[in-house]
Amino acid sequence: MRRVLQLFLLLVLAWIVVEPLAIVGVESVRRDGAWTLDAVRAFAVEPNEWRAAWNSTWLAALSVITGTMIGVPLALVTRLAGFPGRRVVSALLALPAVLPPLVGVVAFLFLYGESGVFSRGIMALTGSEVAPWRFEGGGAVLLIHATTMYVYPYLLVRAALATFDTSLIEAATALGAGRVRTMRTIVLPLLRPAIGNGALLIALTSLASFSAPYVFGGGFRVLPTQLITTRLNGDVSVAMVETLVLVALALFCLGAATRLGGPGVRGAGKGLAPAPAASRKGWRRSLTAVGVAAITVWLLLPHLALLGVSFVAPGAWTRTALPTAWTGGNYVALIAEPERWRPFGTSLWMAGLAAAAAAVLALLVAVAARDPRHRLSRGLEVALGLPWAVPGTVYAIALATMFSVTQPAAGRFILIGTLWLLPLAYLVRALPIIGRAVVAAIRALDPAYDEAAAALGAGRWRTFRTITLPLLMPALAGATALGFVTGLGDFMTSVILYTYDTRPVSLEILGAIRQGELGIAAAYGVVITLLSTAAFVLAERSRGAA
Amino acid sequence: MSTVALDGVRKQFGDVAVVRDFSLDVADGEIVALLGPSGSGKTTLLRLIAGFEQVDGGRIVLGGDDVTSRPPVARRCGMVFQHYALFPHLDVAGNVGYGLSGERLDRAAMATRIAEVLELVDLSGYERRPVTALSGGQQQRVALARALAPRPRVLLLDEPLSNLDPTLRERTRRELRELVRRIGITTILVTHEQEEAFDIADRIALLHQGRLEQVGTPEELYSMPATQFVAGFIGRSVTLPGEVIRRVGDSLEVAAAGITWRATGAAEAGQAVRLAIRPEALRADPSGTIAGAVVRRRFAGASWFLTVRLDDGAEVEVAATSASPAVGDRITLALAGPGAHAFAHDAPP
Ligand SMILES: Nc1ncnc2c1ncn2[C@@H]1O[C@H](COP(=O)(O)OP(=O)(O)O)[C@@H](O)[C@H]1O
Ligand SMILES: [Mg+2]
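From first to last, the protein sequence lines stand for chains A and B. Just add 326 to the spot in the first sequence (first one is 1) and you have the numbering used here. Just add 2 to the spot in the second sequence (first one is 1) and you have the numbering used here.
If you are wondering where the hints come from, they were derived from the structure by calculation, not from laboratory data. Glycine residues also receive a C-beta, built at the ideal position from the N, C-alpha and C atoms. Be aware that a few hints might be false.
Label-pair ranges, simulated between beta-carbon atoms [said to hold, decoys possible]:
no., chain 1, residue 1, chain 2, residue 2, range
1, B, THR134, A, ALA387, 54 to 64 angstroms
2, A, ALA620, B, ASP58, 28 to 38 angstroms
3, A, ALA420, B, ASP58, 19 to 29 angstroms
4, B, ASP124, A, THR492, 22 to 32 angstroms
Next up, chain A with everything else stripped away, as it sits in the complex (with noise of 0.2 angstroms):
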């Protein structure tokens, strides 16, 4: 029975998560019914193609570098170090990580934009009829990723410390290690699988990153957006070298990340959170506070920026460094005007169905896959887990791929243009997300309640339903709220997935820019930032609770 439910589960992902893979990697070696390396010499002998691989890596490995040092000495002060307003500031210190990336781009161009508040102010006190600057190029991408992805290591590293063990802080302080001897021979070592992870995150995060350089790169090409531009250009075999090139990227440093991390080290994760230390020096505790708080002011800025905009009247900032007049009429606007509204409800829709199809899914394979040791289990769990190490991008190209012939044999159907694709792909980005979250907590369950039930008669079904389920109920609706999220703010995929009947709000946003309506943009951003803070708190609290 088990064995019947794994094949099937496992002939599913096949089908949706690897199958759409393997047809980018032989259609990057066919033209015309012919196996052909044509493609993968056009790349390699053009210089563009180096350069946007070139310049992949270096932003995702400065990304890694300037992000973990915002990161994680961010998350050392706010864990560590006692002061005033530390609660607020942790929690704000979150907040890039349920911004939506192209919302979180949006909100850059607000702030340090060519027509931005801060170009604005300086036209405006210095006179000048022109920007002082282009906010564009890979400085422009790099900073944007440093100061929204400097999260994962702050939110790894925080967890990390919340099971910290203090009494070995306090072992190394009896022994007479000062402070920073013991940061640097107990807490950092310790710390490193936390902040291994965080740096692997922001690795695949910036590999994949599509909307900053989209908006932001100008001259400045990177893979994702090279491939969109061979692809326009009909290269299709060249756009899927390029694709393969990604999904390498991301691998090597999937693969890296593993060999650095190291397993991470056992018996570091017991015991209370440190609390924090009140330094007793009163001018050290408001340095301490008024120096966070101007990070925190820095990197939220941008979000405030967005709140701002969201306010401006139609037609009210045009010339002045602060806009002349405020209104809530573009809040209304969405709502009031069909022609507004309909993207919300087509991305509602499809992110909802999506991340409900997913939710069954991973919760089915959670079910087959309880048992790690099972050498099926292991392939369900690669297969969950794919669409998370490769690039969106990727996929929504491979999707597309996939899906333009018929070939029923090879479950290969036209939704190209249909209603479905779009959806279809949200479900394999929410996939993973949902899908690691359930697989976890199911196995997190002690099996003794399992066991317990069915001493008591209950049967196979029985039991799942009134014990498992309820007990996995918790995460399953957290991770099913992330996911939904991450479909709703989606831009990578519907920007090369989208019909006229499933334009999503992401590309309605950047519409709305286009025609000069950036209080209507900014405001679909808002309401998606609220909806995925939302989301992320069902999803903490859950975790919490389980």
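For chain A, the structure is supplied; the task is to place chain B with the ligands on it using the hints.
Only chain B with the ligands this time, still in chain A's reference frame:
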């Protein structure tokens, strides 16, 4: 000269007074056990000595230095944590050598010292083992070696045996006692197990709700309990209401359950007292004058403990060595020896 002197130490967490006006002197090379029920403030007291917590009042003197406001680094206490707190990413030598870095030893001297302490705890040759691969007993000894390596002024042990399984506990206890005696290091041991304290310590400080109830040798605590709590916590006893008849030399004559007892204690004639009676204060004796019925029997290896309901309704306990009477049998008892302790009513319960 005392190595550790606590003088009126107080500690509050929020509104709760966890350590109240605690004073204790520990002599050089002495082993003192802080004994008390769970939550009585033992760990807190140890952490105050080590410097992980700050006192709210009083002074802490270590080896003649007032360290009350000094940080842990400056106190030179060797601490063994309840769960050992071995650094999981360092091997045995890395753990044991961690506290030696302040001494500017060269590599060879460091290795020698590590080998020396490992030899002490019988773990020679374990230098390169990862600590996570050791058994519970071995981990405990590495923790001990790590604490001893920098030659601390005082060794602080927080329930060092509580993480071991019972069969291992007794052997480890013996080894621990021999080790600290051999090194002659001043030691403060926290435990909630009377047997552990009796076995290892020269003196016992009994804590109750953050207060020092009594300090003394195990014999003193047993035979001359200062408070009703001490009498109840150390050894077995039953408590009856009584009244002091008169004072005879060092002891009291107390009437309780229709019997006149010879008891320790400080009270005036005519005063109402609580009388704690140990099983050995009575014996089963066919010619005895105290009559009652056996209501419970408990087998305890070498002897039986009988609970006897006296004719006026009071229940006492007595040990019987020979073939024991059955529940329901009537027997007679006689006063045997010391083992009754009187406490005035206004003393803390
Ligand atoms: N950091 C702390 N904050 C608040 N209360 C504490 C703290 N540490 C200990 N306590 C309280 O102080 C009391 C004594 O604790 P502890 O010293 O650990 O007792 P023991 O070691 O004797 O079991 C307990 O009631 C405990 O809850
Ligand atoms: Mg304790």
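Checked hints:
{"no.": "1", "hint": "B:THR134 x A:ALA387: 54 to 64 angstroms", "result": "33 angstroms, violated"}
{"no.": "2", "hint": "A:ALA620 x B:ASP58: 28 to 38 angstroms", "result": "35 angstroms, holds"}
{"no.": "3", "hint": "A:ALA420 x B:ASP58: 19 to 29 angstroms", "result": "36 angstroms, violated"}
{"no.": "4", "hint": "B:ASP124 x A:THR492: 22 to 32 angstroms", "result": "30 angstroms, holds"}
Hints 1, 3 from the earlier list are contradicted by this structure; the remaining hints agree with it.
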